[in-house]
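Participant: Listed below are the residues making up each chain.
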Amino acid sequence: MGIDIKIPIGLMFTIFGLLLTAYGFFTRFDAALYKPSMGININLWSGLGMLILGVIMLALAYISRSQKP
Amino acid sequence: MNSEFILSWIDYLVMIIYFAFVLGIGWALKRYMKDASAFLEAGRSMPAWVAGLAFISTNLGALEVMGMTGSGMKYGMLTTHFYWVGAIPAMVFLAIFMMPFYYGSKARSVPEYLKLRYDEKTRGLNAILFAVMTILASGISMYALAILMEKVLGWNFHLSLILSAAIVLAYTYLGGLSSAIYNEVLQFFIIVVGLLPIVILSLKDVGGWHGLQQSLAPIVSHMPQHYAPDTWTTTWKYTGTAKANPLGVEWYGIFAGLGFVLSFGYWCTNFLIVQRAMSAKSTTAARNTPLIGAIPKMFIPFLIIVPGIVALVLANTPGKGFALPLNEAGQPIYDYTIIMLLKQYLPAGVLGLGVTALLASFMSGMAGNVSAFNTVWTYDIYQSYIRPTTKDKVSDDNHYLFVGRMATIFGVVVSIAAAYLASLFGNIMDFLQTIFSMVNAPLFAVIFLGMFWKRATGHAAFTGLLAGFFIALMHHGLTFPEGANTLVKGGWIAHLHAYPVEMAQNFWTAIFACSTSAIVTVVLSLLTKQKKSDDELKGLVYVLTPKLNEEAVPWYTRSTTLAIIVLLLVSILTILFW
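Residue numbers (the working numbering), protein chains in the order written: chain A, 1 to 69; chain B, 1 to 578.
Bound conformation, chain B alone (with noise of 0.2 angstroms):
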């Protein structure tokens, strides 16, 4: 089916008065951009709010919205487990537990904290992974955004790609990294707007969400697998075993793969979103940050996995000439779902609302990527290795904010070289987000003892982290998921076990990796001199750092009130949806 779209002048219009303010966000804040710390770290001045939007807002890429939308499709209400248990409960503990340190350190960023609390060559190998890794996700998206605009607007792929780094490149080299976040609020608040009428019409079309689960039935017990007829609309209800939904995961992969170790690996360590806590403008704000994200964030499934749950009644129903396209091997395309709900639902106006919510996803994707990247980079890797601070303070910070600016553009550059890299792989991203999940779980056992045990040594966390990588990636060498028909999928080594799905086995990789790399770290930590006094580790490990007083807080705005709020809502949801 043809997935380009017609747009009119209005359409245009509303993608135009975007972008200006886009470019405007970056134009106005071209003045304060002083220092190295005001352009990389946005001044530590960002009101909770605008922070906390900003922190969802980073992983509510066109990726993320494309993705989980034709994830809604494929498993139906069963998609949530990647927000309720595998978010949420993350956030909080980020919020909670992690924070106080992260923004209590002074650490600029994550790598910073892993050379504070441990030692040069873990905060090397982890600024280094990351950098490299953030750049190749940014390219990734670019990539991705690129193709969108060429099979959907019909541009030429050549042009898509340099305009989106263009406007990138340029409110990011302005605004540095206030302006990443103020656009992704900015960006937040479009997808909401521009996602809405997708989601009324879509529901409105099947008779509301009773009529959607009524439509559904039929269509869930005449699948080949016979599942029970509300599969699609429930939670936790037949994940009593694999085989009784769609996800191919049981209850307890589903808590301890999705909602422990993934993502506490993902919400907790990965500097592009901890970043984003870390500009807040105190030790509060910093802690609320997650905390407020988190409302948000849980209501977003009804905003992109509902219509992708319509999608398939549509599909469905051959009145309705609905059908996705297909890729060569005739597979249906999950990834233009919501592409074809657009167009689907859309007159032009609204239309031009919701293309523009897409493209402004991509483009603040990439732009946070961006900042992240000339973050460590530059207090990570140059200032660190290439030139070290000197005596003259006011020559250091005009240097370092040039070097920030410098780091923009290369980041931007090399981004697009890597978007052609894409274009040659089309397995590329695959492969990444195998890899990503491979170091991220380490990442996250390591900087979890270091923050709550003190006697953590740096030597035990590097070669902790690099023992969890290397049993991920021997798990992923030994195992593959069913019907897999290339090596990145894994089992490249020998075939031992097969998972029933990908997802399975992305789990257990994490969950592998995980283990090993904390096992690792407790033993050679007690077998290993502890190097750092107490004095150093103040501020950076629980046991040493004074209890945060937060009787000066008005109880309504404290973190803890916060947490169990969310907490309290997000149980909710889940017995609503169960």
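Next comes chain A alone, as it looks inside the complex (with noise of 0.2 angstroms):
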């Protein structure tokens, strides 16, 4: 019907992705944030995961999309 759903899941795994990581980075010193999360940057991580999930899923839309006429 219409849309093709990986599109929105791409965008939307990829803006989660760029903010996680860059909130990740620039709270890499962080000490205290990081302290539930037993020293480990969680934010950076998943992220990055987040971003390769949004990133994978705009590359199937696209080919897809190449695919049909």
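Do not rely on the hints blindly, as some may be mistaken.
Derived pair list, reagent style DSSO-like, types lysine-lysine, alpha-carbon separation capped at 27 angstroms [claimed, not checked]:
#, chain 1, residue 1, chain 2, residue 2
1, A, 35, B, 151
2, B, 529, B, 121
3, B, 243, B, 74
4, B, 74, B, 237
5, B, 454, B, 531
6, B, 343, A, 35
7, B, 106, B, 393
8, B, 204, B, 237
9, B, 531, B, 106
10, A, 35, B, 243
11, B, 34, B, 393
12, A, 35, B, 320
Bear in mind the hints are in silico, worked out from the structure with no lab data behind them.
None of the values given here were measured: they were computed from a predicted structure.
Mind docking these for me? Both chains are given alone in their own frames, and the hints should help you get the complex.
Facilitator: Below is the structure:
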């Protein structure tokens, strides 16, 4: 029906990915913030993971669009 | 322990972006909603993977996530029985054996299938019961969501209720079933991504799976019931007797009650679920929908049950400062396990993601209910009894689209009323869950017989449904779980038999209901005359339906191939965690 859901999923996770990666990067020396996650910069890692997911989704959407005339 | 979160700007930003996408999808779909079929059936155009993810996402509501994490803490890996034996076989059965009839019959809903296969009264009974229960269910999840927002985010209860209802209304009103389905797919991804950090961090905290097993051993063996040290990390090993495992049910009870009656009753007959597969674009896609859904479904336990098991270790390790909030009776509220885990491990940023995942699953649960309700209302009640179709197809299409939209508003408004009702009667949730299982189990017997036995008649099916429900009610009235303190739990007629736990009682209620319904339907079918001719039953009953030809489909996308893969994977998981 009309839209390819891979596009909004891809866009959303790309935005989340960029947002959390940046947030994780700028807060990387904030030990108090990462105390609950046992010192792991979980924002940075989650952000990178979401960025990959988002880009894969967008790539898949691009491929399926270019296959259809 | 205080369960309130302190959210920072980044958490709110994540939440706002998510809901912008949710509403955006509804908005983008608006222009495709040209007739009732597009609005109520998603135009039967969904690819199998979208329908498949929506299929399990509908079931992965927040109440499920919160409940199952709590069960992980209470019962350990035994909770996986709700997935590996309690869902996968039923999903495979639905796909391979039932979907060809649901989809191939061109019925637009489960009640409509009953009308085509049996008669008008069987459809009417099912449609009305389904409509009422669905709206109540939606109201209850709305209530639970508002309570959560009040307790966890510190928001006003009424404001939370209205705000979440408004969001759900907006996107289902705009995009109908398609919008609900697409948002369920979005929700699936956000739940996985939002909860994954919890799994990783909590397992790391206790030293991985091996460390978890070791830390659990002393805790479990010191419980008053003296369980074996590995009870929480195994599934079937201690199901020889009911007393040896925290579930309080033996292997055959799990197998028959959960693995057969309850799960088949739920997965194969619940229109809310089946509707997702019916929206698929072809028979093959419709059959593949539950199978594609089954693959993530069998790994969901690692996402939501495993952190619950870690929570048991945390709660027993004083240095961790982890405790569940207590209710008035001083009992821990297990449903809050996931909330307390989010609070324990997540810093600002991913915390927003986790909270958004929970809110998202609440809302898509409501949207699912509302979109199933408006289909049943429009086709099975309004079109059948209030305003039948006329000769003018174009004006009919517009009219039923309008009715479908109005039903959406009506559904949301009644849900809000039901939410306030739930806030007045604390037990209403238990009460409804009990009623659901009483209605679903007989329905499975009747639909199953309808699909595989052409002799089953309308009168017999109708009586079978009522008889099954009546027996379920009686069984519930005559038995009770040990230690029950309210009549909602059973025993309101007499105390004939006590079950060790509530779950055992539920299983047996369903088993009695399903078998009674089957026996009554078979006996009465033999005594009454089949009014439907073989021709009318074509496509509705197994023997009268031409065999599905899958020759044209490449072997690796055939439903049977997928089904074998699914069963193989679930067997491997079962053996690994035996």
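Participant: Tell me, which hint numbers fail for this structure?
Facilitator: Those not satisfied come down to hint 10.
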